[in-house]
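*Asks:* Here is how the chains run, residue by residue.
Number of protein chains: 2
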Amino acid sequence: MEASIITVGDEILIGQIVDTNSAWMGQQLNAIGIDVREILSVGDRHEEIIRALNEVCTLTDIVLITGGLGPTDDDLTIAALADFLGVGLYFDAPTYERIKSYFERLGRPISDAHKAQCYLPETVEILKNKMGTAPGMLFRHKNKIIISMPGVPYEMKYLMEHEVLPFLQSNFVSDIIIHKTIMTAGEGESVLAEMIAPIVKSFPPHLKMAYLPALGMVRLRITAKGKHEISLRQEVLQYAEEITAHVGDAVFGYDDVALEQVIRDLCIKKALTLSTAESCTGGAIAARLTTIAGSSEYFKGSIIAYSNQIKELLLNVPGNILTAHGAVSETTVKAMASGVLKVINTDLAVAVSGIAGPDGGSPEKPVGTIWVAIANSTITEATLIRAGKDRLKNIEYTVNIALNLLRKFIEKHY
Amino acid sequence: MEASIITVGDEILIGQIVDTNSAWMGQQLNAIGIDVREILSVGDRHEEIIRALNEVCTLTDIVLITGGLGPTDDDLTIAALADFLGVGLYFDAPTYERIKSYFERLGRPISDAHKAQCYLPETVEILKNKMGTAPGMLFRHKNKIIISMPGVPYEMKYLMEHEVLPFLQSNFVSDIIIHKTIMTAGEGESVLAEMIAPIVKSFPPHLKMAYLPALGMVRLRITAKGKHEISLRQEVLQYAEEITAHVGDAVFGYDDVALEQVIRDLCIKKALTLSTAESCTGGAIAARLTTIAGSSEYFKGSIIAYSNQIKELLLNVPGNILTAHGAVSETTVKAMASGVLKVINTDLAVAVSGIAGPDGGSPEKPVGTIWVAIANSTITEATLIRAGKDRLKNIEYTVNIALNLLRKFIEKHY
Numbered sequence: 001m002e003a004s005i006i007t008v009g010d011e012i013l014i015g016q017i018v019d020t021n022s023a024w025m026g027q028q029l030n031a032i033g034i035d036v037r038e039i040l041s042v043g044d045r046h047e048e049i050i051r052a053l054n055e056v057c058t059l060t061d062i063v064l065i066t067g068g069l070g071p072t073d074d075d076l077t078i079a080a081l082a083d084f085l086g087v088g089l090y091f092d093a094p095t096y097e098r099i100k101s102y103f104e105r106l107g108r109p110i111s112d113a114h115k116a117q118c119y120l121p122e123t124v125e126i127l128k129n130k131m132g133t134a135p136g137m138l139f140r141h142k143n144k145i146i147i148s149m150p151g152v153p154y155e156m157k158y159l160m161e162h163e164v165l166p167f168l169q170s171n172f173v174s175d176i177i178i179h180k181t182i183m184t185a186g187e188g189e190s191v192l193a194e195m196i197a198p199i200v201k202s203f204p205p206h207l208k209m210a211y212l213p214a215l216g217m218v219r220l221r222i223t224a225k226g227k228h229e230i231s232l233r234q235e236v237l238q239y240a241e242e243i244t245a246h247v248g249d250a251v252f253g254y255d256d257v258a259l260e261q262v263i264r265d266l267c268i269k270k271a272l273t274l275s276t277a278e279s280c281t282g283g284a285i286a287a288r289l290t291t292i293a294g295s296s297e298y299f300k301g302s303i304i305a306y307s308n309q310i311k312e313l314l315l316n317v318p319g320n321i322l323t324a325h326g327a328v329s330e331t332t333v334k335a336m337a338s339g340v341l342k343v344i345n346t347d348l349a350v351a352v353s354g355i356a357g358p359d360g361g362s363p364e365k366p367v368g369t370i371w372v373a374i375a376n377s378t379i380t381e382a383t384l385i386r387a388g389k390d391r392l393k394n395i396e397y398t399v400n401i402a403l404n405l406l407r408k409f410i411e412k413h414y
Numbered sequence: 001m002e003a004s005i006i007t008v009g010d011e012i013l014i015g016q017i018v019d020t021n022s023a024w025m026g027q028q029l030n031a032i033g034i035d036v037r038e039i040l041s042v043g044d045r046h047e048e049i050i051r052a053l054n055e056v057c058t059l060t061d062i063v064l065i066t067g068g069l070g071p072t073d074d075d076l077t078i079a080a081l082a083d084f085l086g087v088g089l090y091f092d093a094p095t096y097e098r099i100k101s102y103f104e105r106l107g108r109p110i111s112d113a114h115k116a117q118c119y120l121p122e123t124v125e126i127l128k129n130k131m132g133t134a135p136g137m138l139f140r141h142k143n144k145i146i147i148s149m150p151g152v153p154y155e156m157k158y159l160m161e162h163e164v165l166p167f168l169q170s171n172f173v174s175d176i177i178i179h180k181t182i183m184t185a186g187e188g189e190s191v192l193a194e195m196i197a198p199i200v201k202s203f204p205p206h207l208k209m210a211y212l213p214a215l216g217m218v219r220l221r222i223t224a225k226g227k228h229e230i231s232l233r234q235e236v237l238q239y240a241e242e243i244t245a246h247v248g249d250a251v252f253g254y255d256d257v258a259l260e261q262v263i264r265d266l267c268i269k270k271a272l273t274l275s276t277a278e279s280c281t282g283g284a285i286a287a288r289l290t291t292i293a294g295s296s297e298y299f300k301g302s303i304i305a306y307s308n309q310i311k312e313l314l315l316n317v318p319g320n321i322l323t324a325h326g327a328v329s330e331t332t333v334k335a336m337a338s339g340v341l342k343v344i345n346t347d348l349a350v351a352v353s354g355i356a357g358p359d360g361g362s363p364e365k366p367v368g369t370i371w372v373a374i375a376n377s378t379i380t381e382a383t384l385i386r387a388g389k390d391r392l393k394n395i396e397y398t399v400n401i402a403l404n405l406l407r408k409f410i411e412k413h414y
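As you go down the protein sequences, you meet chains A and B in turn. Using my numbering, you'd call the opening residue of the first sequence number 1 and step up by one each time. Using my numbering, you'd call the opening residue of the second sequence number 1 and step up by one each time.
In case anyone wonders, no lab produced these hints; they're calculated from the structure. Keep in mind that this is a model prediction, so the values were computed, not measured. Each hint should be verified, as a subset may be incorrect.
Identical chains blur together in the list; that is why a pair holds if it fits in one copy or across any two.
[Unchecked claim] Derived DSSO-like pairs: lysine-lysine, alpha-carbon spacing no greater than 27 Å straight-line:
(1) Lys208 x Lys342
(2) Lys130 x Lys393
(3) Lys201 x Lys180
(4) Lys100 x Lys342
(5) Lys269 x Lys144
(6) Lys412 x Lys389
(7) Lys389 x Lys100
(8) Lys128 x Lys393
(9) Lys412 x Lys342
(10) Lys389 x Lys130
(11) Lys157 x Lys342
(12) Lys225 x Lys412
(13) Lys365 x Lys389
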């Protein structure tokens, strides 16, 4: 079964916003076994919306349309839908009551503009939007299903999860789709692909493998399609285990878990505390760790030592090491790690020192030369990263590599 | 003049990637006065690409198509273009030489797959891609201009900036478009709109104002369209100055400058050094400041004091203040700021302490209660932020607000 997506809004065409709705909807539809045939973005114009509806109705039996449902003059989807369907508008009293009580909760009266949102095409089946004023609408028209949702992401997501996906699944989906994602870090896509090629070649035809690379990480996603959920799940799990065994410790988890979540869980489980000492990442490792709720249970703090003076003063890196080896060196980064370990008094420490770029490189230490150290009270391990020339990418890449080295350090030594 | 955009790739339809190319292209085309009529995303299938080309050629005279130009079997745009145009393929020797020397620089031989990238439609006009192997291609077909580019963002952007936009501008654009963006922070969209309503109402019809909000910031973009560049520029500048005078110190710069750039420039100009003491932002302020090249000239370091112990130990926040007022309080955040100022020995310090969420709130201090302090050796100013419930948004919002308070502090006191 195939679907098309129409997104309505001038703000998409002029690039004021990136259309993230379509990608999310594509993922969700794909996960229940509905393929997206086309995504079409058009502006806030009556005739453009009708043209888009006419076009995609020649392609697929399911059409999802988002946007253009707000209370202002440039919201034209309802009128366009009515014209496309060849029906009139009526005043929907339940929608009026819903919007009125929505505003009562906010302590405001309903405006005329919002009253106008209650005029709906006569053949509508209403999908209840509990997140905002605009209605979700379903139409059955000449053997097509047309579903209209607001463009506000959390309203659209609410309607998709509570109304649209259950409806589509029970009416149109015969095959069951099962995904399993293996999260890896530290190995490139082509190395991983070569490692697991024999396993992927042995996949039965109803299983597929996708490689999804990011900076320093690759997600391996197995997708199975079939009739029997239990046997599909077993099959996918078996292959995931086989791949994990082949790939080894590059695997850090499953199903879109983040490295920083894995680290939080490992540290809390093993009762370990953590600090960081950062130079070129400028606090980005600490910031990533603390995006996760509950990180205060194990993460104690950091010293961001951007200048050499602070490396000496706060991390107790000996001045003669800095003079002899430079700030970007194995010796310095190890001294930074053991320094912060003692100063903040934690079980584990991560330290980073490098040249993020675009300037500051030299022939021996070009831009992208970055040292990472992981330490506990008895062991300190340092790793050299050779990154590229782009400052922001280098920082993000280093954060991912450092978090992965920390994860492997904990798994190895505790 | 209108253009359409086609993006080719299964990864877009299944939501594996968000199509950010179209938004960027829409912005760039808009900036030179070309409106985007439609954005169409289709999968990696020969007949789908041809169908998309046929469709958009009925709509606009300019068609930009990205993706499907790689060296693998699922890259089908060249074959589809040739069939759509009704022409054959030929081996383009200069493209072969370009790709060969590209690989020579990388120290690798050219593969058969990359040789296949040298077969191009006979009517092609080549646009030189200096960032990768896939060619940029321009076709003149039945009064239409069709331009094909790789989907890799930096290759597409290179071709747009160096080949496509100059070509379109000199051939299709009669009106000149001038933009001026006024960057503001600390005031909401509706407050700003009310402040400058009389000025915007006095705009002549060829000037337009757009409000582009982000967390804690709003960009005000004036766009002028006309024939005479010098007078348009003067007019836009005049209105920008008038708006700046009305809005006051919420304006921090022009034309998409970042707050962290403004701060770097201010600090370097006034020879000021900076440190941060961060609790709930976990290093995100330091990380933002150090995304800017050259930040080591003024930014010395930070103490990320996630635990109260570290606030006492490294920032010298008196234990009785923490006991009496709690970590999230005006007194504590002020003590953190003056603490880091002394410890790292800088002219200026920023400190933050708050409850980022989702847990940790109380009736008196709900999630989103965040204190920011800015200090120098004689003055310490604290501000209370009341943010929302979303941890990541709260952190980003706090970073923007703190940077803006720092900017205003420098402008006021130096």
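*Asks:* Now look at each hint and say whether the structure bears it out.
*Replies:* Outcome of the hint check:
1. Lys208 x Lys342: neither (49 Å within a copy, 59 Å between copies)
2. Lys130 x Lys393: between (38 Å within a copy, 20 Å between copies)
3. Lys201 x Lys180: within (17 Å within a copy, 56 Å between copies)
4. Lys100 x Lys342: Neither. Shortest intra-copy (58 Å) and inter-copy (54 Å) distances fail the 27 Å Cα cut-off.
5. Lys269 x Lys144: For lysine 269 and lysine 144, the Cα distance exceeds 27 Å both inside one copy (52 Å) and across copies (64 Å).
6. Lys412 x Lys389: neither (32 Å within a copy, 37 Å between copies)
7. Lys389 x Lys100: between (54 Å within a copy, 23 Å between copies)
8. Lys128 x Lys393: This pair counts as between: shortest inter-copy Cα distance 25 Å, intra-copy 41 Å.
9. Lys412 x Lys342: within (22 Å within a copy, 40 Å between copies)
10. Lys389 x Lys130: between (46 Å within a copy, 17 Å between copies)
11. Lys157 x Lys342: neither (46 Å within a copy, 48 Å between copies)
12. Lys225 x Lys412: Neither: 37 Å inside a chain and 64 Å across chains, both beyond 27 Å.
13. Lys365 x Lys389: within (12 Å within a copy, 44 Å between copies)
Violated hints for the displayed structure, listed by number in ascending order: 1, 4, 5, 6, 11 and 12.
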